[in-house]
Structure formats: C-alpha cells, structure tokens
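Each chain is listed here by its residues.
Number of protein chains: 2
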Amino acid sequence: MKNISILGSTGSIGTQALDVIRANPNLYRVNALTAQNNADLLIKQALEFKPSMVVITCEDHYQKVKNALPFIEVLCGEDALIAVVELPQTDFVLTAIMGAVGLKPTIAAIIAKKDIGLANKETLVVAGEMVMQLAKKNGVKIIPVDSEHSAIFQCLVGEEQNPIEKIYLTASGGPFRGKNVDFLATVTKKEALKHPNWVMGAKITIDSASLMNKGLEAIEAKWLFDLATNQIEVVVHPQSIIHSIVQFTDGSMKAQMGVPDMKLPIHYALAYPKRVKSDFERFNFLKYPAFTFSEADTKSFRNLELAFIAMEKGGNLPCILNAANEIVVEAFLQDKIGFLQMSDVIEECMGTMQFIAQPTLNNYLETDAHTRIFANQLVTKQN
Amino acid sequence: MKNISILGSTGSIGTQALDVIRANPNLYRVNALTAQNNADLLIKQALEFKPSMVVITCEDHYQKVKNALPFIEVLCGEDALIAVVELPQTDFVLTAIMGAVGLKPTIAAIIAKKDIGLANKETLVVAGEMVMQLAKKNGVKIIPVDSEHSAIFQCLVGEEQNPIEKIYLTASGGPFRGKNVDFLATVTKKEALKHPNWVMGAKITIDSASLMNKGLEAIEAKWLFDLATNQIEVVVHPQSIIHSIVQFTDGSMKAQMGVPDMKLPIHYALAYPKRVKSDFERFNFLKYPAFTFSEADTKSFRNLELAFIAMEKGGNLPCILNAANEIVVEAFLQDKIGFLQMSDVIEECMGTMQFIAQPTLNNYLETDAHTRIFANQLVTKQN
Chain A
1 MKNISILGST GSIGTQALDV IRANPNLYRV NALTAQNNAD LLIKQALEFK
51 PSMVVITCED HYQKVKNALP FIEVLCGEDA LIAVVELPQT DFVLTAIMGA
101 VGLKPTIAAI IAKKDIGLAN KETLVVAGEM VMQLAKKNGV KIIPVDSEHS
151 AIFQCLVGEE QNPIEKIYLT ASGGPFRGKN VDFLATVTKK EALKHPNWVM
201 GAKITIDSAS LMNKGLEAIE AKWLFDLATN QIEVVVHPQS IIHSIVQFTD
251 GSMKAQMGVP DMKLPIHYAL AYPKRVKSDF ERFNFLKYPA FTFSEADTKS
301 FRNLELAFIA MEKGGNLPCI LNAANEIVVE AFLQDKIGFL QMSDVIEECM
351 GTMQFIAQPT LNNYLETDAH TRIFANQLVT KQN
Chain B
1 MKNISILGST GSIGTQALDV IRANPNLYRV NALTAQNNAD LLIKQALEFK
51 PSMVVITCED HYQKVKNALP FIEVLCGEDA LIAVVELPQT DFVLTAIMGA
101 VGLKPTIAAI IAKKDIGLAN KETLVVAGEM VMQLAKKNGV KIIPVDSEHS
151 AIFQCLVGEE QNPIEKIYLT ASGGPFRGKN VDFLATVTKK EALKHPNWVM
201 GAKITIDSAS LMNKGLEAIE AKWLFDLATN QIEVVVHPQS IIHSIVQFTD
251 GSMKAQMGVP DMKLPIHYAL AYPKRVKSDF ERFNFLKYPA FTFSEADTKS
301 FRNLELAFIA MEKGGNLPCI LNAANEIVVE AFLQDKIGFL QMSDVIEECM
351 GTMQFIAQPT LNNYLETDAH TRIFANQLVT KQN
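Protein chains in written order, with this note's numbering: chain A, 1 to 383; chain B, 1 to 383.
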C-alpha cells in the first residue's frame, strides 16, 4: 500500500490521479490533498478518499472546508503545503500544482525523503540543478509525470549504464501548427485554448499553443536526465502518439508510445517500478495510419527559442523566463495582451533582469518575485 | 575481451558481425569462423582475424582452406560445428547460418553454456520450446539478432517484472506490398529479390517478399518472449524505422527505432548488456517525414497465415512449415516453381506430414528430413 499526498488535487493532473487511485484501492491510499481555490471539489474529494490532512491554500475558503470536514485536519496558506509533504506516513508526493509556487514544497518533500511524482515542471525549470542535487543527496526518486518525460524515463529503465546521445521531445505543434507570424498576431484566447490532442489546464494549453510548454519541457529534461542543450531536440509530431524518444550512443533509439492520455504517465509514476494493469483505451494502428514529423518553427514561435537560450545560458535565466511567462499567459487569458506580445514581454524580461550565474534558493525566489513585478509593468504598458 | 565464435561468417550477418568486431578490437576477439561453401572469403577472414579454429562444412573445400591456413586448426563437415561451439575459450556464439541446420550446433552451444547471439531464427521456429527450456536450465542468455526481436529485447530491458500484453512485429511488406494474387502469380525471382529497405541474403529476401519471414519471426518471438499466438500482431510499416513494439499491461508501448541497418542489432547483441558507441548512420526525421502503418494482407500473402496456423497448433507443425519453406524458396530461386506455388506446397506438407504434438529432438530432425523429401516431390510434380 503506497500512501500518496497530492499537491493540487483539484487540477487536471490531480483529478486524473484520483481516478487512477480510485481504480486501484488495493495499491494506493490518499494521505493528503491540497487545492488553491476549488473548495467544493476539494471537500468532495476529501469525503471520498478520507485523507489525514487537507490544505486549502487560499485562506478565504478555510472556514468552509474546515466546517465540511470535521474529522480531518484542515490547514490553509502556502506554508501548509510544507506540513503536507512532511507527514511521516506519506510515501509519495505528487506535485500537481502549477507554477513556480511548487518549488518550495517540492524541496521540502525531498528533504523529508519522500519520492516525488513530478507534475510541476516549473520546479526543475526554475531550480533544476539544485533540486536534482538535493534529490541525489537524499536518495529520493523523482519520477516525471509529464508525458514526454515519462516516455524518456520509461525508455531509460534498465539502461542506467548506457549514456544518452540525445533525446527527441515530440511536440504536437498545438492548435497553430503551420501558422505564420501574421496569423499568430490575430489569434484569440478561445482559439489558443483548443488543443488538438490533450485535455489540460488553461495555462499549459496556452503554453502548448505558443510552444513555451516544449521549451519548459526541454529545460526540465536537461535536469532530469543530465543533458547538455545540444542533446535535446524538439520534433513536431501532430498525432502525439510517440511521446518522446531516446537515442543511445550506439545509434539505437527507444520510444514510448500510446494514446494521448495523461492517466497513463500518472499511473506509471504511481506504480513505478512496476507496471499495473489498466483498462485505459489501447492504441490502434488502424485509427492512426500515419505518424508525421517536422521541424519546430522557432521563427514564428519565438518562445521555444527563448527557452533554449535560457537553458543554454543557465543561472537564473530559466527562472526569469518562467516567471515572465506565468505573467504573460495570465495576461493573455485576461485579454490584456496579444499572442505575440507574450514573447515580447518574456524577451524584455530576459534582457533586463539581473543575471545570476550561480543562484541560491533565495536568489531564485527573489528573481521570480522581481520578474513578476517587471513583467506586470510591461503588460500594463502594452495594454 | 569477449571471445566470439561465428557460425556462418561469410553470409550477410556474418560479414557484418566481422565489420562490428573490426571496429571494436579492444572489445572482441574472433575465436572461430565457419562457412558452408565460400572458401575464399573464409580464408580471407581467417587471415585477418586469426581465429583458433576454422570450419568449412562442405568437405570439397577442405584441402584448399587447410593449405591456406597452416597455423590454424581447420575442420570440415557439419559435425565440426559442434566442435566449434564447444571450444572452451569461446564466450559467445553468433549463430548466423541459415536454415534448420543451425539447430544442432545451437543446442550444443547451449549445453556448453555459451551465450548465444541468435541470428538463425529456424532454431526457435523448429524447436523453440525445447531450446528455450534448455537455455533456462543452463543459465544461457539468448540474445536475438533479428532486428524485430532485438527491438523487443531492447524494449524489455529493465521490464523483467512487467508482463507483456502484446507485441507488434513491424513488417516492411516487402517488394510486393499492396499487390494482389493475380499480380503475385506472375512475379519473377529478380523482382522478389529487390527488397525495399534491407540488404540481406537471398533466402530471407524471398521470405520477406512472401511474408513468410514475418511468420517465422512471429514463431521465433513466441518462444523468445513466452507469448501466446494472440499476443503477437503483425503491422505493415513500409519505412522499417520502428523495428517492433511491446505493449505492457498498463497500456504503455515501447518501440525501438533506427535506420534499417543490421549492424545495429548485431552490435547490440555483441555488446549486451552494455551499449557501445558506434559511428553508424543516425536516424534523421527530415529524411522520414512520415511513418505509415496498415494491416498485413494474409489473403494474398498466405504464407503469413500458414505460419500463424502452425504457431497456434504447435508440435512439429512449425518444423514442417519451415522445412517445406526452405525447399520451396530454393525451388523458386531455381525457377522451378512460381511465387504462389510456394504456399501451395507448404500447405500441402502441413496437411500431409504426420503431426506430433510433443516432439523429441529426433522427431524434429526426422520431421525436417521427411518434409524436405515430400516437398521436393511436390515441387517436381508442379514443375
């Protein structure tokens, strides 16, 4: 029986993780659940899964949640996420909250020697070197939940002694694949939120449309798999069946494939190193008679290039990129700026914020906070 | 340093294995080489690689080889293959001879506790159950060299505890993919020998054109990976980039991919469990913008269906199928019968020869010999 705490249980990954847990009651027990705002769903989940602890980070909802769950310990505030990950009976922490806010609880979970199911890519984008070193020092496994990283992780099982030559991260290309800058200048929030293959939250769906998601994934992959920038290549594969590929130094490539369904990498991360039987839809070649591939268009989709620049320069630049991106995506979702202006703001932040080559955790947190302020100023100006 | 004996060093797999060994002189030493007829090439190879023993199975060439290699032990005849595999200093036997003649030396190698690089698929087609049990009993690793089986083997590394749900063997479809029976009735040897993707020997190239090769591979896979007939599916993939696929019980699939080049699985088998850096051509997505997939046409390509029937019924039926096939391919290559008549003869042999549910090794050897006689009679009749 694995005792699991889920940070962000009401989001897309969180709810699907609970689906997996519900289907495997003999394997998993929910130890804690946390949510930011969605008190109603959190209460419903807690009544079903009976965790020992529940956290609602937004304090406005605290009394409501507390009153609804009299037999469960209920906390509120961001610091309460630290209390959740440190619960002694937790074996595994699924970090399914969105954004740089995931960094501190993930670090706390690693220090508490909990294995991590990493669905918060910002943790590694912002502070990958520090987090991976900490995990190594504490003997903690970090099992990726992003479908691309899960694919590479699955391909590397049993290949621990064999160096990676390169990886291919596959990208669907999003709803605007093949479109040029003129088209992108006019796209709406509604169009950007229509992802062709994956059902995900709003932030990651916009990141997929702008290819920033693939850039963040590249940085995440760099740290997860200890790669140099030139060992990471993005290939556009609109069908999203091949989830990513590893090429070894003998020239052989291994790929992980399947129907695009986030439940599969979640299920894998929970069960690892075992695989547990599932009733998920199986892939059928007759439904997908062709897989196609093309280069990513970094001229039209500048976010991808910006992310690779941030990855190559390192230091706090990925942190700047990520913080600026969180602000511009929110601004785009609020119709404050256009699709292409997102890249403008990110680029200006990257060129303006102070570069720190060897940041401490405090440097990261300050960089994150300062970049958000500056990016918000730029958004207001552009508006 | 791995000491390697190659059975069939002058064939397609044998010469490519020597290319790999030549490129890695610090890893591999050639301990013995054998050939059937090609005395000149065998002599040339022996002068370069200086093995301890050389065998020419066709006795007509014995004196020539012996005279050319005064400082090497030279033997002749099929029984000499047994002496080769039993050489105490051999670590690894690459069985690269074609046909059921590979069975006896492979069994002898297993009893002598040598790890096997299996490029002779007939060994498992004819007597898979017996051979795999013997390997298990003797603690011998059987590492497949066929690209499809190497692909599956590579995908299973580190997944030993995780059951296979099914495998997909990919098939190029050969030179006659998409053709109907009327077309197949008229094809010539020359057309059948033009394989679109792989450079291989004549026998296996004809088997690829008739899809018998995929049927034999399915039977080989059944025994190598302990599968039921309904766990093995053939999918036509004309580009031959995905070399085969494993689907696990969680629904996740792993595939091995690369340029179609037999040197890669040979290199893998020699180096296993390590991967050794190679300078082979790397795969490039820009050269292959689409992978396509379709069902195999077992109505036009009856050999594939016959092989699945033999696999399902088991006993000595795969041995009958294989022996009949060896005869008809030879007859087709000698312009004695047409392309479709190959299936007619195989089917008649399968319906006529005595079925033995639990054959002994002698039963297999007798079945093989008797089927060849009967198949030859049928060829003569059809001629």
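Please note that the accuracy of each hint is not assured.
Since the list can't tell identical chains apart, any single copy or any two copies may satisfy a pair.
[Claimed, not checked] Calculated pairs, DSSO-like style, for lysine-lysine (alpha carbon to alpha carbon, straight line, at most 30 Å): (1) K141 with K277; (2) K381 with K179; (3) K179 with K137; (4) K287 with K104; (5) K64 with K336; (6) K299 with K287; (7) K189 with K2; (8) K287 with K277; (9) K166 with K2; (10) K277 with K313; (11) K299 with K203; (12) K44 with K104; (13) K50 with K336; (14) K336 with K44; (15) K50 with K179; (16) K166 with K263.
In short, the hints are calculated from the structure, not lab data.
Okay, the hints, checked on the actual structure:
In this assembly of identical chains, K141 and K277 lie within 30 Å of each other by CA distance both inside one copy and across copies; the values are 22 Å within and 28 Å between. Taking the shortest alpha-carbon separations for K381 and K179, only the intra-copy value of 27 Å comes in at or below 30 Å, while the best inter-copy value is 65 Å. Taking the shortest alpha-carbon separations for K179 and K137, neither the intra-copy value of 46 Å nor the inter-copy value of 61 Å comes in at or below 30 Å. With identical chains, the CA atoms of K287 and K104 are never at most 30 Å apart, being 43 Å at best within one copy and 44 Å at best between copies.
In the homo-oligomer, the alpha carbons of K64 and K336 never lie at most 30 Å apart, since the shortest distance is 33 Å inside one protomer and 87 Å across protomers. Within a single copy, K299 and K287 get their C-alpha atoms only as close as 33 Å, which misses the 30 Å cut-off; across copies the closest is 22 Å, which meets it. In this homomeric assembly, K189 and K2 never come within 30 Å of each other (Cα to Cα): the closest approach is 40 Å inside a single copy and 61 Å across copies. Proximity of K287 to K277 under the C-alpha cut-off of 30 Å is restricted to the intra-copy arrangement: shortest distance 23 Å within a copy versus 37 Å between copies.
When the C-alpha separation of K166 and K2 is checked against a cutoff of 30 Å, the pair qualifies only between copies, where the shortest distance is 28 Å, while the shortest distance within a copy is 34 Å. For the identical chains of this complex, K277 and K313 are inter-copy neighbours only, at 29 Å across copies versus 43 Å inside a copy, given an alpha-carbon limit of 30 Å. Taking the shortest alpha-carbon separations for K299 and K203, only the intra-copy value of 22 Å comes in at or below 30 Å, while the best inter-copy value is 51 Å. Proximity of K44 and K104 under a CA criterion of 30 Å is satisfied intra-copy only: 27 Å inside one chain copy versus 67 Å between copies.
Taking the shortest Cα distances, K50 and K336 never come within 30 Å of each other, neither inside one copy (41 Å) nor across copies (76 Å). For the homomeric pair K336 and K44, neither the shortest alpha-carbon distance inside one copy (34 Å) nor that between copies (76 Å) is at most 30 Å. For the homomeric pair K50 and K179, neither the shortest alpha-carbon distance inside one copy (48 Å) nor that between copies (62 Å) is at most 30 Å. In this homomeric assembly, K166 and K263 come within 30 Å of each other (Cα to Cα) both inside a single copy, at 27 Å, and across copies, at 20 Å.
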